[in-house]
Amino acid sequence: MSPVSEKRLFSHRLRDTNSAFLPARQQEERPTRVGFVLLPHFSMMAFTAAVDALVTANLVQATPLFAFATYGLESTTVRSDLAIDISANATLAQLPLEGEEAPDVVIVCGGFRCSLNEQAPLSHKLKLAAKRQKVLGGLWNGAVALAHAGLLDRLACAVHPDNHTFARERFPQVQVSHQVMVVTERVLTSAGPSSALEMMLVLIERLHGKDTVRAIREILSSDRIADSNETRLTLAENDPSLPEPLRNLLHLMNSNIEEPLGIEELAAYVGLSRRRIERLFQSHLETTPSRYYLELRITHARRLLLQSDASIANIAVACGFVSSTHFSHCFKDFFGVSPSQARQLRKG
Numbered sequence: 001m002s003p004v005s006e007k008r009l010f011s012h013r014l015r016d017t018n019s020a021f022l023p024a025r026q027q028e029e030r031p032t033r034v035g036f037v038l039l040p041h042f043s044m045m046a047f048t049a050a051v052d053a054l055v056t057a058n059l060v061q062a063t064p065l066f067a068f069a070t071y072g073l074e075s076t077t078v079r080s081d082l083a084i085d086i087s088a089n090a091t092l093a094q095l096p097l098e099g100e101e102a103p104d105v106v107i108v109c110g111g112f113r114c115s116l117n118e119q120a121p122l123s124h125k126l127k128l129a130a131k132r133q134k135v136l137g138g139l140w141n142g143a144v145a146l147a148h149a150g151l152l153d154r155l156a157c158a159v160h161p162d163n164h165t166f167a168r169e170r171f172p173q174v175q176v177s178h179q180v181m182v183v184t185e186r187v188l189t190s191a192g193p194s195s196a197l198e199m200m201l202v203l204i205e206r207l208h209g210k211d212t213v214r215a216i217r218e219i220l221s222s223d224r225i226a227d228s229n230e231t232r233l234t235l236a237e238n239d240p241s242l243p244e245p246l247r248n249l250l251h252l253m254n255s256n257i258e259e260p261l262g263i264e265e266l267a268a269y270v271g272l273s274r275r276r277i278e279r280l281f282q283s284h285l286e287t288t289p290s291r292y293y294l295e296l297r298i299t300h301a302r303r304l305l306l307q308s309d310a311s312i313a314n315i316a317v318a319c320g321f322v323s324s325t326h327f328s329h330c331f332k333d334f335f336g337v338s339p340s341q342a343r344q345l346r347k348g
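Just so you know, we're using my numbering here: the sequence shown kicks off at 1 and counts up by one.
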């Protein structure tokens with residue numbers, strides 16, 4: 001069985017055996033509440049992909065299906081991996097576990113530069129959430145926080161490939177999966193932005209059925225070209241069929257969005273000649289290094305543009321563009337509309 005087929009079968013089986021994911025009365029009477037714990041340097045793309053699924057779910061029904069809130073560890077200002085500060089709704093200490101405002105689902109949002117050390121207050125909060133039968137989740141390497149709390153023992157989980165070795169050595173009782181998404185009875189984990197969206201769609205299907213998810217996908221299909229390109233860029237870095245030197249290059253690019261590396265810098269990091277790098281990109285991705293890097297940065301910018309209130313100027317800087325004018329020209333060349341038009345179309 002292929003890895004893709006295995007993943008689909010695994011997710012399908014879990015949905016079939018867990019129809020009572022949350023109490024039916026709770027689903028009918030009020031929106032399902034989701035609390036996102038944002039770790040410092042969390043992945044903006046993974047977080048916004050997850051939120052996008054919830055926001056779109058609310059668009060397809062007469063009454064809201066979901067409500068969500070964000071929590072910082074110690075502050076209500078949390079810096080993302082794109083060096084953009086996000087204002088959280090509250091701090092971790094203020095995350096309620098009882099009452100009408102308590103989340104039904106608690107998801108830890110990690111990222112490439114997030115610390116893998118245990119945060120004692122977070123472990124304590126997650127343990128309390130588990131005792132109260134909350135559904136728990138992790139984005140990127142958010143599952144590491146769940147493992148520190150002892151909540152993944154004898155369970156499978158998904159984490160970003162960069163953290164596989166750490167997780168296997170530090171948590172031998174946890175099964176670190178090669179799959180980009182693992183959904184068990186009360187734990188949801190994903191390894192990156194694209195799988196974060198799919199993970200949330202599994203959650204939505206459990207609660208509200210396939211028709212709701214189908215409607216969500218139809219709405220999101222209006223951005224099919226851009227989203228498919230974003231998925232391609234995200235998955236390429238972790239594609240085991242690509243040569244390791246190429247995957248290392250893609251990882252470097254993905255980790256240096258705000259201050260892009262030049263081709264000579266990339267060559268020095270991986271120990272390859274410029275000519276060899278160009279051949280790798282042409283042979284395996286049918287593009288040039290500079291074009292790929294631009295696509296990566298412009299798709300990062302697009303998600304920020306559509307999912308945040310940051311100014312176009314700030315988004316341009318966060319994605320490594322020298323000026324708003326240069327960013328606008330590149331964006332329009334790639335997507336056919338200017339950044340301001342794209343934002344207006346989404347609001348409309």
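Do not rely on the hints blindly, as some may be mistaken.
Ranges of calculated distance between the beta carbons of each label pair, as one might list FRET restraints [stated by the list, open to error]: (1) H329 - R170: 44 to 50 Å; (2) T325 - E98: 25 to 31 Å; (3) T77 - V55: 28 to 34 Å; (4) A268 - G209: 51 to 57 Å; (5) A268 - E98: 20 to 26 Å; (6) I263 - R214: 29 to 35 Å; (7) H251 - R214: 20 to 26 Å; (8) G209 - P172: 36 to 42 Å; (9) V337 - R291: 17 to 23 Å; (10) G99 - I263: 27 to 33 Å; (11) S324 - D85: 18 to 24 Å.
With a straight-line Cα cutoff of 16 Å, these simulated EDC-like cross-link-like pairs (lysine to aspartate or glutamate) come out [claimed, not checked]: (12) K332 - E278; (13) K134 - E118; (14) K134 - E101.
Because the hints were derived from the structure by calculation, they are not lab data. All values reported here derive from a predicted model rather than from experimental measurement. Glycine included, C-beta positions come from ideal geometry on N, C-alpha and C.
Here's how the hints hold up against the structure:
1. Between H329 and R170 the beta carbon distance is about 46 Å. The supplied range of 44 to 50 Å therefore holds.
2. Checked against the given bound of 25 to 31 Å, the beta carbons of T325 and E98, roughly 52 Å apart, lie outside it.
3. One distance hint, 28 to 34 Å for the beta-carbon pair T77 and V55, is violated here, with the actual separation near 22 Å.
4. As the Cβ distance of A268 to G209 is approximately 53 Å, the hint placing it in 51 to 57 Å holds.
5. The given range of 20 to 26 Å is broken by A268 and E98, whose C-beta atoms sit roughly 55 Å from each other.
6. The given range of 29 to 35 Å is broken by I263 and R214, whose C-beta atoms sit roughly 44 Å from each other.
7. The hinted window of 20 to 26 Å between H251 and R214 is violated, with their beta carbons roughly 34 Å apart.
8. The hinted range of 36 to 42 Å is satisfied by G209 and P172, whose Cβ atoms lie roughly 38 Å apart.
9. Judged by the Cβ atoms, the range 17 to 23 Å given for V337 and R291 holds: they are separated by roughly 20 Å.
10. The supplied range of 27 to 33 Å is broken by G99 and I263, whose beta-carbon atoms lie about 55 Å from each other.
11. For the hinted restraint 18 to 24 Å between S324 and D85, the CB-CB distance of approximately 19 Å keeps it satisfied.
12. Distance restraint check for K332 and E278: the Cα-Cα separation of roughly 26 Å exceeds the 16 Å cut-off, and the hinted pair is therefore not satisfied.
13. Proximity of K134 to E118 is assessed by CA-CA distance (about 21 Å); at most 16 Å being required, the pair is judged violated.
14. Of the supplied pair hints, the one linking K134 and E101 holds, its CA atoms being roughly 13 Å apart against a limit of 16 Å.
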